[in-house]
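From just these sequences and the hints, can you work out the full model?
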Amino acid sequence: MLARWPDIRDVLEPSEHDLTDSPEDAAKYVLLTLSVHQLDHLPELLAVAKKNGLVGFSGVAGEST
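When we follow my numbering, the leftmost residue of the sequence shown carries the number 201, and every step to the right adds one.
The hints are simulated quantities; they were obtained by calculation from the structure and are not laboratory data.
Relax, there's no trap hidden among the hints.
20 Å max Cα-Cα, derived SDA-like pairs, lysine to any residue:
1) K228 x D218
2) K250 x L202
3) K250 x L239
4) K228 x A247
5) K228 x V255
Quick look at the structure:
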């Protein structure tokens, strides 16, 4: 995801620092807190999540995949 959308690096959790402290968190969740100008990524991000068997939810759009 970061290769395709490098501008989400700062809104992605767990961060690289968090994973250093708790590497097991990488298998638990990914949280993105997108700014308004990043919302155009949302349909593709949800599609990537779905394609990889992940559950995605948009609080803004009120929908999940």
